[in-house]
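Visitor: Sequence:
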Amino acid sequence: MKKTFKVIISAIICMALLIVPMSVMAEEGIDYNVNYETNITEGTNNYAIDSTVPYTVYIFYPTAVGDYTFTSDAKMGIVSYLDMWVQFEPTDEIVNLNEIKWTCTDVNQAIMIGVKSDLAEVGITVTWSDPAVIEIPWTVYDNKKAPEKFEMPDFVNVDAFDDGYVDFEDSLIDDAVLGDDGYYHLNEKDGPVLFANLNDSIMSLYTMVGYGKIAAIYYDDVTGDVIKKVDYTNSFNEYLSALPTDANGAITSYYYPLTADLIEMFKEVGTTHGWYSGDEAWVYASEDAWLYACYYDESVISMDPNASDKDNINNNDKDDTTTDDTTNNENTSNNNASGNTNNTTGNTPNNNTNTDTSNKAPATGDNAFALAVAMLSAVAVVVGLKSKK
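103 is the number of the first residue of the sequence shown in the numbering used here; add one for each residue after it.
One should not assume that every hint holds.
Straight-line distance between alpha carbons at most 35 Å, and here's what the computed DSBU-like set of lysine-lysine pairs gives [unchecked claim]:
(1) K251 to K330
(2) K291 to K246
(3) K203 to K291
(4) K291 to K315
(5) K247 to K330
(6) K251 to K203
(7) K251 to K315
(8) K369 to K330
(9) K246 to K315
(10) K315 to K247
(11) K251 to K291
(12) K315 to K330
(13) K251 to K177
(14) K247 to K203
(15) K369 to K246
Read the hints as simulated data drawn from the structure, not as lab findings.
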């Protein structure tokens, strides 16, 4: 009976030794304790140090596959790649790092980290990153030329913009040509001066900047990963600051002469967000659709009012030479009635391209739902994007 009782007691003691955590003597008398009560977690947290032993060991259970980085002012080291027991008894040769990097390939994995410190507790920061991606930094676009304050001159008839818009829906591919005067003109150096509407109803950059960012996002054609991100927000805001305002500071006109920087914004922002191509283009699928917000007064081919007056005087002189000729007057009337038939005869191709023969207005962009979706999609893609290596 006594023998049986002794066997039972011995079994209980053995089981207790297996279950209850206890200090394990390492080589050369170095010992440690495993803290089973508190696990290391992501973020920055403080952990209690067991002052009775040189090393305190903690367990870390990952929450996702990826790269983990552990940082602390205390000395640390991985002492096991299992959560069952310490594989490598902690020594100064192992526990000697202030930063540990560990790659988890399975969420069922775990590691034990040994920590050495004379303090009552230590702070440990754990961060996670996806090893398959890297953060693409933003490139902030700087205007090539700082916008100057602008107010539409009196000799420009803004009402003419109702008909004087770049018709990007016709078969003619229009372009903006830099003139000798430093302004962009329609199709040729002495064509009408182009003005960009920064709050155009088709697609408003002004509305977009209200959402927080105007950006161009570039993707790899093969993998579809983001390879470049350009932020035009500050540059566009400089143009808004150059627009005319009333006494309360409200913008009174959103028209600004087209510049190289605005061309860059309309082209790159629109192209990278699919405004000008694809099956569901937000603006129109054509090579000149980036000119959708450009307007002109056909009589204004120069921003120098004196030059414009001279041109008008010369044109009036030419008209006066034919007013006394009854035959010429009759021919002029016939030509006007014929729908500008002679406008394409005997003229250069460039003059013909500046004649708007289409009565169809461009896409209005009045569909509020489409506009909202386009704006939100343009903003959403510029937030927290990553790319594979």
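Visitor: Run every hint past the structure and note whether it holds.
Guide: Hints, one by one, checked against the model:
1. K251 to K330: 32 Å, holds
2. K291 to K246: 21 Å, holds
3. K203 to K291: 61 Å, violated
4. K291 to K315: Holds - the C-alpha atoms of K315 and K291 are around 34 Å apart, at most 35 Å.
5. K247 to K330: Roughly 23 Å separates the two Cα atoms, so the pair holds.
6. K251 to K203: Roughly 54 Å between the alpha carbons, so the hint for K251 and K203 is violated.
7. K251 to K315: Satisfied, since the Cα-Cα distance of roughly 23 Å is no more than 35 Å.
8. K369 to K330: Satisfied, since the Cα-Cα distance of roughly 16 Å is no more than 35 Å.
9. K246 to K315: Measuring from Cα to Cα gives roughly 19 Å; hence the hint holds.
10. K315 to K247: This hinted pair holds, its Cα atoms lying about 21 Å apart.
11. K251 to K291: 24 Å, holds
12. K315 to K330: 15 Å, holds
13. K251 to K177: 60 Å, violated
14. K247 to K203: Outside the cut-off at roughly 46 Å; violated.
15. K369 to K246: Distance ~16 Å between K369 and K246 Cα, so the pair holds.
Hints 3, 6, 13 and 14 from the list above are not met by this structure, while the remaining hints are.
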